[in-house]
Amino acid sequence: MAHDRRVDDRDGAEVLLCQAADNFPRLKSIWAEQGYCGADFHAWIRQATGITVQIVQRRAGGFRHTWAKTGAPLPEVPYFAVVQRRWVLERTFAWMGRCRRLSKDYEYFRVNSENVIYLAMAMLLLRRLARTSR
1 MAHDRRVDDR
11 DGAEVLLCQA
21 ADNFPRLKSI
31 WAEQGYCGAD
41 FHAWIRQATG
51 ITVQIVQRRA
61 GGFRHTWAKT
71 GAPLPEVPYF
81 AVVQRRWVLE
91 RTFAWMGRCR
101 RLSKDYEYFR
111 VNSENVIYLA
121 MAMLLLRRLA
131 RTSR
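Here the sequence shown stands for residues 1 to 134, where the numbers follow our numbering.
Source of the hints: derived by calculation from the structure; they are not laboratory data.
No false leads were mixed into what you were given.
Ranges of calculated distance between the beta carbons of each label pair, as one might list FRET restraints: (1) ARG10 x ARG131: 34 to 44 Å; (2) PHE109 x SER133: 29 to 39 Å; (3) ALA39 x TYR108: 32 to 42 Å; (4) PRO73 x ARG6: 42 to 52 Å; (5) GLY71 x ASP11: 42 to 52 Å; (6) ARG131 x LEU89: 16 to 26 Å; (7) LEU89 x VAL111: 18 to 28 Å; (8) GLY71 x ARG5: 39 to 49 Å; (9) ARG86 x VAL111: 21 to 31 Å; (10) ARG100 x GLY71: 50 to 60 Å; (11) ARG127 x GLU107: 20 to 30 Å; (12) ASP8 x ALA72: 33 to 43 Å.
This one's a predicted model, so the numbers in the text were calculated from it and none came from an experiment.
Quick reminder that beta carbons are idealized off the backbone N, C-alpha and C, glycines included.
Starting from the given sequences, assemble the full structure and let the hints guide the process.
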């Protein structure tokens with residue numbers, strides 16, 4: 001779903017999840033990033049759609065700095081760590097970035113951008129199906 005850039009992510013999520021619940025009745029749980037935290041948001045989604053929202057937590061400390069209570073030892077923070085379930089989204093964006101029309105925002109209308117995303121994902125799935133059928 002593509003929407004106007006002035007729409008807040010949470011507001012867009014409400015519309016998207018209502019449509020997703022109608023189109024995919026077996027959808028029961030989704031993963032979301034920390035921008036979708038909040039008991040009110042989760043309760044509304046649960047009541048309106050029956051979908052449970054699970055927040056993917058960032059690792060503590062960012063990349064170079066971390067917080068610790070006064071007098072407590074500093075926790076060891078590695079420079080790289082895979083964030084649980086976040087890699088799925090990033091991998092999908094990387095796949096879409098390999099499509100030239102999606103590497104930059106060439107489209108004027110958001111409907112065109114949405115259709116190019118559908119086309120890129122369909123091409124990816126067809127390539128995978130053709131590879132496994134050999």
